[in-house]
Amino acid sequence: MMSKFRITKIALYGIMILWSTFVLMPLVWMVLASFKTRREMFTAPYDLPSALTLDSFERAWGVGLGWFIANSALITVSSVGLIILVSGTAAYVLARAKSVWLRMAYIAIVVGFAVPVAAVIVPLYQMVSAAGFVNSYVGLIIVTSAYGIPFTVILFFAFFLDFPKELEEAARLDGCSKQQIFFRIIIPLSGPAVASAAIFQAVFVWNEFLLALLLLNSPGRKTIPVGILQLQGEFTSDWPAIMAGLSLATVPLLLVFIVLQKYFVRSLAGLGK
Amino acid sequence: MSFLEITNIVKDYGAFRAINDVSFSVEEGEFIVMVGPSGCGKSTLLRSLAGLEDITSGSLILGGRDITRDEPADRGVAMVFQNYALYPHMTVAQNMGFGLKMAGQSKADVKVAVERAAKTLRITDHLHKRPKMLSGGQRQRVAIGRAITRSPDVFLFDEPLSNLDASLRAQMRVELGHLHAELGATMIYVTHDQVEAMTMASRIIVLNGGDIEQIGTPLELYNKPANRFVAEFLGSPRINLFDGKIAAINAQTASIKIDGIADHLEISLSSDSGPMASGDKVTVGIRPESINDTAPWKIPAKISVIESLGRETLFYVNADPVKTLDPDAKDPLFAVHKSNQITAQIGDDISLGIPQEGVFLFNEAGETVRYPITQTAP
Chain A
1 MMSKFRITKI ALYGIMILWS TFVLMPLVWM VLASFKTRRE MFTAPYDLPS ALTLDSFERA
61 WGVGLGWFIA NSALITVSSV GLIILVSGTA AYVLARAKSV WLRMAYIAIV VGFAVPVAAV
121 IVPLYQMVSA AGFVNSYVGL IIVTSAYGIP FTVILFFAFF LDFPKELEEA ARLDGCSKQQ
181 IFFRIIIPLS GPAVASAAIF QAVFVWNEFL LALLLLNSPG RKTIPVGILQ LQGEFTSDWP
241 AIMAGLSLAT VPLLLVFIVL QKYFVRSLAG LGK
Chain B
1001 MSFLEITNIV KDYGAFRAIN DVSFSVEEGE FIVMVGPSGC GKSTLLRSLA GLEDITSGSL
1061 ILGGRDITRD EPADRGVAMV FQNYALYPHM TVAQNMGFGL KMAGQSKADV KVAVERAAKT
1121 LRITDHLHKR PKMLSGGQRQ RVAIGRAITR SPDVFLFDEP LSNLDASLRA QMRVELGHLH
1181 AELGATMIYV THDQVEAMTM ASRIIVLNGG DIEQIGTPLE LYNKPANRFV AEFLGSPRIN
1241 LFDGKIAAIN AQTASIKIDG IADHLEISLS SDSGPMASGD KVTVGIRPES INDTAPWKIP
1301 AKISVIESLG RETLFYVNAD PVKTLDPDAK DPLFAVHKSN QITAQIGDDI SLGIPQEGVF
1361 LFNEAGETVR YPITQTAP
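Chains as they are written, first to last, in our numbering: chain A, 1 to 273; chain B, 1001 to 1378.
Honestly, the hints are just simulated from the structure, not real lab data. Fair warning: there could be bad hints in the mix.
[Stated by the list, open to error] Far from chain B by the CB rule (all over 10 Å, computed), these chain A residues:
no. : residue
1   : Ile10
2   : Ala11
3   : Phe22
4   : Ala44
5   : Ser50
6   : Leu102
7   : Tyr137
8   : Asp162
9   : Cys176
10  : Gln180
11  : Pro188
12  : Leu189
13  : Ala195
14  : Asn207
15  : Leu229
16  : Trp239
[Claimed, not checked] Under the rule of at most 30 Å between Cα atoms (straight-line distance), these lysine-lysine pairs were calculated in the BS3-like manner:
no. : chain 1 : residue 1 : chain 2 : residue 2
17  : A       : Lys165    : B       : Lys1323
18  : B       : Lys1224   : B       : Lys1257
19  : B       : Lys1101   : B       : Lys1111
20  : B       : Lys1224   : B       : Lys1323
21  : B       : Lys1129   : B       : Lys1119
22  : B       : Lys1101   : B       : Lys1119
23  : B       : Lys1111   : B       : Lys1129
24  : B       : Lys1224   : B       : Lys1298
25  : A       : Lys262    : B       : Lys1132
26  : B       : Lys1111   : A       : Lys178
27  : B       : Lys1224   : B       : Lys1245
28  : B       : Lys1132   : B       : Lys1119
29  : A       : Lys178    : B       : Lys1107
30  : A       : Lys165    : B       : Lys1111
31  : B       : Lys1107   : A       : Lys165
32  : B       : Lys1298   : B       : Lys1257
33  : B       : Lys1281   : B       : Lys1323
34  : A       : Lys262    : B       : Lys1129
35  : B       : Lys1338   : B       : Lys1245
36  : B       : Lys1101   : B       : Lys1129
37  : B       : Lys1132   : A       : Lys178
38  : B       : Lys1323   : B       : Lys1302
39  : A       : Lys178    : B       : Lys1101
40  : B       : Lys1129   : A       : Lys165
Virtual Cβ for every residue (Gly too), placed ideally from N, Cα, C.
I would like the entire structure built from these sequences, with the hints used as guidance.
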């Protein structure tokens, strides 16, 4: 007779396999579809591709996918860097603050996290436009960072609250200023928190569509999600090329995740520790 | 003027006064131990000396220099923390040299200082390791090494041994004593462990509720505690206390009535005895090791607990109707210390001989009004 423990284990594995299949199916379909011909796409949508042809990748690359990836990479790296720098310093000050006003500032930031992008998009566009930042990388980087900062502040805040105070005190006795404590002691020991923040924000910025569509409109500046939309416009029926483009767009993020996932999982398991 | 002058220190946290107008001075090379129960202000006082807490008022003068408002690093103090506080991302050598590096010393100078400190503490083999790879005792050595490297005027220790196990603690106690002798440095040490205080201190400061109860050498405090609090705090097992009333008194003797005992306890008085009058309520104190079999005045009792420690034996005895005054104890038992092995059974009758020479008397305010007559060994 099987033990109760074993049955539970099998049931849990079963649920996990079902769920994973459910999540991965569309992705597998996307990759397979990118190898199909335009005809096959509609005649045999669920079959394996008849031949492993890279034609659709070439067509996708041909409309400037390389540029889109480069644009996305530039914006993602800059935004994530800015988000981590601003959130880290802000969260440190807030976590160590004793003043009521700074506590309220923290609450205001938490509230900011709850504001949906779409709700403020019109005034936001007017502001960016008035500042002359439409169609500039800097404009998009500032705006996406502003959206990413509240969540990251919350994440770092929790981490810094638990950060051993003695280390900071030892550093003060060793002659560190507040800035030196932050950059020489706290940041080097915040690997898991920084990795989690980096992964969360990289995924958000990389896939961000609405702001990029609105703020970057010259063809050479588009990011991947917006660029692929253009691919759909020019080759209305070229679904394999779109799938190929999307598959390529997934690769950089997958690499980031693989590199950082050890910290990411640890950070989630320890709630920011 | 003393090496370190601490004058009228007050530290308030909102309405709560953690340190209440504390003053004392420390001579160069002294090993000062601050003891007291949790929340007595000893750690706050130490942290105020380090500059980690801003004091509300008062002044700190170190070597003739006013350091009251100086940054921690500019005070000439180094601190060893209870949980070591080593930087996990640096090697032992980097940990020890970090202070000097921040002070802008050259790499070569830092290296020399680190190696010298490592040699003193016998951790040269570990210099390239991260703190994670070290045992608790080694980590504490590194933490001490970090302090030594900076060659401070005053070393501050905040319960540095309390995370170590008993045998390591005993070993480190001896090592710290050696280190103090070797460096000739001024050390201020906070602990709640009275054994550490008694064994290491040149002078002990007993704190209670933000006030200094008494300052003195370990034996002064043990033999001549200023009050009941100090008498209770030092000594393990704790001093036995019970209620009494002065039945008769003159310049030379006092006769004390103890409820439940027919004979009065007669004690001699001397010039250092405090004011007492007939009818005063007093608390009688007797150290566990002072109780013997030969004293004429006895309290009958029954053995409740026996602790045979090999070279010594501790009895806890029930002397009903005489109750000991110990707010923490469930049963008001007397502690008796014998410095040899004794065969006895739980439930055996025993007579507690209370020699009058060993008796402390405390008045109702808790002040000591009669000290035991101490015989110091030649």
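So, going through the hints one by one against the coordinates:
{"no.": "1", "hint": "Ile10", "in the structure": "holds (39 Å)"}
{"no.": "2", "hint": "Ala11", "in the structure": "holds (39 Å)"}
{"no.": "3", "hint": "Phe22", "in the structure": "holds (41 Å)"}
{"no.": "4", "hint": "Ala44", "in the structure": "holds (56 Å)"}
{"no.": "5", "hint": "Ser50", "in the structure": "holds (55 Å)"}
{"no.": "6", "hint": "Leu102", "in the structure": "holds (18 Å)"}
{"no.": "7", "hint": "Tyr137", "in the structure": "holds (34 Å)"}
{"no.": "8", "hint": "Asp162", "in the structure": "holds (14 Å)"}
{"no.": "9", "hint": "Cys176", "in the structure": "violated (6 Å)"}
{"no.": "10", "hint": "Gln180", "in the structure": "violated (7 Å)"}
{"no.": "11", "hint": "Pro188", "in the structure": "violated (5 Å)"}
{"no.": "12", "hint": "Leu189", "in the structure": "violated (6 Å)"}
{"no.": "13", "hint": "Ala195", "in the structure": "holds (15 Å)"}
{"no.": "14", "hint": "Asn207", "in the structure": "holds (33 Å)"}
{"no.": "15", "hint": "Leu229", "in the structure": "holds (45 Å)"}
{"no.": "16", "hint": "Trp239", "in the structure": "holds (50 Å)"}
{"no.": "17", "hint": "Lys165(A) <-> Lys1323(B)", "in the structure": "violated (46 Å)"}
{"no.": "18", "hint": "Lys1224(B) <-> Lys1257(B)", "in the structure": "holds (23 Å)"}
{"no.": "19", "hint": "Lys1101(B) <-> Lys1111(B)", "in the structure": "holds (10 Å)"}
{"no.": "20", "hint": "Lys1224(B) <-> Lys1323(B)", "in the structure": "holds (24 Å)"}
{"no.": "21", "hint": "Lys1129(B) <-> Lys1119(B)", "in the structure": "holds (15 Å)"}
{"no.": "22", "hint": "Lys1101(B) <-> Lys1119(B)", "in the structure": "holds (19 Å)"}
{"no.": "23", "hint": "Lys1111(B) <-> Lys1129(B)", "in the structure": "holds (15 Å)"}
{"no.": "24", "hint": "Lys1224(B) <-> Lys1298(B)", "in the structure": "holds (24 Å)"}
{"no.": "25", "hint": "Lys262(A) <-> Lys1132(B)", "in the structure": "holds (19 Å)"}
{"no.": "26", "hint": "Lys1111(B) <-> Lys178(A)", "in the structure": "holds (26 Å)"}
{"no.": "27", "hint": "Lys1224(B) <-> Lys1245(B)", "in the structure": "holds (22 Å)"}
{"no.": "28", "hint": "Lys1132(B) <-> Lys1119(B)", "in the structure": "holds (21 Å)"}
{"no.": "29", "hint": "Lys178(A) <-> Lys1107(B)", "in the structure": "holds (23 Å)"}
{"no.": "30", "hint": "Lys165(A) <-> Lys1111(B)", "in the structure": "holds (28 Å)"}
{"no.": "31", "hint": "Lys1107(B) <-> Lys165(A)", "in the structure": "holds (28 Å)"}
{"no.": "32", "hint": "Lys1298(B) <-> Lys1257(B)", "in the structure": "holds (13 Å)"}
{"no.": "33", "hint": "Lys1281(B) <-> Lys1323(B)", "in the structure": "holds (15 Å)"}
{"no.": "34", "hint": "Lys262(A) <-> Lys1129(B)", "in the structure": "holds (23 Å)"}
{"no.": "35", "hint": "Lys1338(B) <-> Lys1245(B)", "in the structure": "holds (29 Å)"}
{"no.": "36", "hint": "Lys1101(B) <-> Lys1129(B)", "in the structure": "holds (19 Å)"}
{"no.": "37", "hint": "Lys1132(B) <-> Lys178(A)", "in the structure": "holds (25 Å)"}
{"no.": "38", "hint": "Lys1323(B) <-> Lys1302(B)", "in the structure": "holds (13 Å)"}
{"no.": "39", "hint": "Lys178(A) <-> Lys1101(B)", "in the structure": "holds (16 Å)"}
{"no.": "40", "hint": "Lys1129(B) <-> Lys165(A)", "in the structure": "holds (23 Å)"}
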